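The listed protein sequences correspond, in order, to chains A and B. Position 474, counted from 1, in the first sequence is what UniProt numbering calls 474; the numbers after and before it change by one each time, with no gaps. Position 216, counted from 1, in the second sequence is what UniProt numbering calls 216; the numbers after and before it change by one each time, with no gaps.
Don't read these hints as lab results, they were simulated from the structure. Careful, some of the hints might be misleading.
Stated by the list, open to error - To give an idea of the interface, some chain B residues facing chain A are shown, with a C-beta separation under 7 Å as derived from the structure:
(1) 288
(2) 289
(3) 293
(4) 315
(5) 319
Everything numeric in this text was worked out from a predicted model, so none of it was measured. Yeah, the Cβ is synthetic: ideal placement off N, Cα and C, and Gly gets one too.
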Amino acid sequence: MTGEQPSPILSVEGLTKDYPGVRAVDDVSFAVERCTVHCLVGENGAGKSTLVKMLTGALQPTSGTMRVDGSAYQPTNPHQAREGGIATLFQELHVVDQLSVHENLTLGMERARFGFLVESDLDRRVVETLAMIEPSIDPSARVSSLSVAQKQIVEIARSASSGASIIIMDEPTAALSEREVERLFGVIRRLRDSDVTVIYISHKLDEIFELGDAVTVLRDGKHIATKPLPEVAGRSELIEMMIGRSVFQDYVPRATVGDEAVLSATGLNNHLLKDVSFHINRGEIVGFYGLVGAGKTEIARALFGADQCSGEIRFKGRKIGGSPKQAIASGIALVPEERRTQGLFTTLTIRENISVMNLRRLSDAGIFRSADERSAAVDYVRKLSIATDSIEKHTEKLSGGNQQKVVFAKCLFADADLLLLDEPTRGVDVGAKTEIYEIIRNLANKGTSVAVFSSELEEVLGICDRIFLLFSGALEAEIANGPDVDMAHILNVVTGGGGSVAP
Amino acid sequence: MSHTPAYAQSRPAGGPVARFLRSYYIYLVLVAVVVVLSAANLDRFDLFERGNFLNQNNIINILRISAPLLTLVGAFTLLMVSGYIDLSVGSAASLSAVVYALFAIHGLPFPVAFALTLVVGAGLGAINGILVVRLGITPVIATLITLSLYKGIALLLVEDGVSAIKSGGGLSMPDWFNSYGRIGVMLGLPAAFWVAVGVTLVLVVAQNRTLLGKYAAATGGNPTAARLSGINTGRIVFLLYVIVGMTAALAGIARSSFMSLGDPLSGDGMELSAILAVLIGGTAFAGGEGRVLRSFIGALIIMALTVGMLILVPAYFQTLLIGLALLAAAASNHLISRKEVVS
């Protein structure tokens, strides 16, 4: 088949990346044809980001080879990758707001004589490239006056005019509105028509069918298939390739779930959320599952009162949602996604972290009872089996899993009746994961309600009694967990296939 | 191309008045300060002619006194644009003043003393650059350390029992020593002032037309983006520290020439004036934004206010009034630039 076509722009042979104990990418081989939009799909943990990091020089493969345009390609940093012809559009934007569009486009590539900037054909080229891919952006405008989508296009134009033959885009539409997505797609198509190859990574399958020429599917670090998209028989085939196996299912229906609603939310709306309504029962573990940008964190923050939104939230019969202070006082605690920056005081000790949300409980008329603080800390370290030699250890020295347990202890000490867990096991090793799930189940068995916000399907299927599926800010479907859960249906819903469509 | 691109029809936000204010705000403040001071009755201070503030001799005097700060603020602006700061400039100026006076009093000719002092200034800046760029010490802390270090050396260089390097004990200052800062060479203004103007012009060009200016803005605006674009941000910052050190040395030379002695305390507080001048000129404290020329005007505003207050009001009110005037200037500047972001 490759014999009839021009040689591929990128080919990967037997690429493998080992981490201690894990093979993140396992003997992956595929080719990307010139001037195509080549999509890369797979579940979280399938090895997409490791693969991309090797392509951009951020990681070096354990074994295997990469070739760009026929010649060997072994970048050891992003700069070398760019010289080799591969540029990356990162999820975070790397433009300088204070400079003009034109200045950003030439940044780092200027011609200068004795330090003085001189006009060069580069200046003409960047303006032409920008005019070609998006004529509505004024090269002399300050970048701070542009929208996120426009800034992204400026970055793309910079990559294209720097002579990159391949541009990797990692979830470029995560922060864009629908209209902006259409505009970006236009840009990508024009790039493809002007001799640039795009490697496009997205969870949104509709985008892949709309935009892609070919798709490569990864699963558990292995290469499953590379196919021209016209040969893929719809979403269900793609989903099947992505899942491939039944997810490890260790959910056991729990007997203690009450039917008394402890929290009810009606018609939540804000910049992202679209009319979200649900309820959580006493002692129940519910899961909110969706892709990045589907609205999980937004729901958590709304329930905690950290973001304002319209609609009504009632907790134990009382209206809440005003402020985090009110939420904590009424018995809601949030374990935030960014544990190191939002959940922990990393410069304080375990003891100080555990007591911090409920110091009042440890004081009499303003006098602090440090003996009680110590015994509480010892108690929680034992209960949650936090691995430490002392409660006086600074939390920055703990492993991710143990840090997360300290955050849990902090919330438990605050007497929370509802725990909001945003990505509770991100960056936590497998052993600690299991322990954390056990802690969550024990809490629920004692009557605490738990809401888990996760982008890991395995996690949600493993511990939650009921699962809400989110797509693009809307609560698309609610399913009861059990051994006969239809995974294909779940993936179809969260990738934009709609709540009612059967696979 | 024959058709007009879409963006050509859009115009910057705000009406014509708002845009005018935004662009020329700092000049209007300077005019306002001068007008207010001119309207006031001046008869207190004998250095200045009685009568009007807006009087040739007074203007010459203010500009002569301002020369050190005016020399310094341009480079200081570029450093702050790159997101860094140098609190040691006052001490570096003091040390340079002492060193320059020592060179002069020991008989070195003017060009040699001048050039050697500049080298010393560059060295002091390089030390800051090494502490911040190589050792990674927070700029505020690193330059606070050198603030006391440089001042300490300056104090040690002056013999026990005297307060400054000056004529006496068999040595005497050469005649040329105070002509640099005092004797008019053009329009009645001394060389020190014209050097300040020259330095500012060079830095205005550097900001608008050279890689240094653009990379300083990129480094302060988004360091990650700058590094990913292949810019050696460390080298830019180091270079800026060296340039700031050299302008601090020029400021020290101007100050010691004006005072006819090498005073180890002569630069005290200059870092605060420099920061204020730069901030009044609209430079963002966090970096990325700022114009050399506006800081120059900001420095003129500060000096006019200082001198005006010196003449107009009792000593014990001066500091407070200057503080209030600066607060008003900084706050209104902040409000105007914030509007720009919102609209």
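So, as I understand it, the hint says residue 319 of chain B touches chain A; can you test that by seeing if any CB pair is closer than 7 Å?
violated, 34 Å
Quick one, is the residue 293 of chain B hint okay against chain A at 7 Å, beta carbons?
violated, 17 Å
Residue 289 of chain B was flagged as interface toward chain A. Is the shortest Cβ-Cβ separation under 7 Å?
Check passed: Cβ of residue 289 of chain B comes within 5 Å of chain A, closer than 7 Å.
Interface hint outcome for residue 315 of chain B [beta carbon to chain A under 7 Å]
Check failed: Cβ of residue 315 of chain B comes no nearer than 42 Å to chain A, outside 7 Å.
Was the hint right that residue 288 of chain B lines chain A, CB cutoff 7 Å?
holds, 4 Å
Hint check: violations occur at hints 3, 4, 5; the rest are consistent with the structure.
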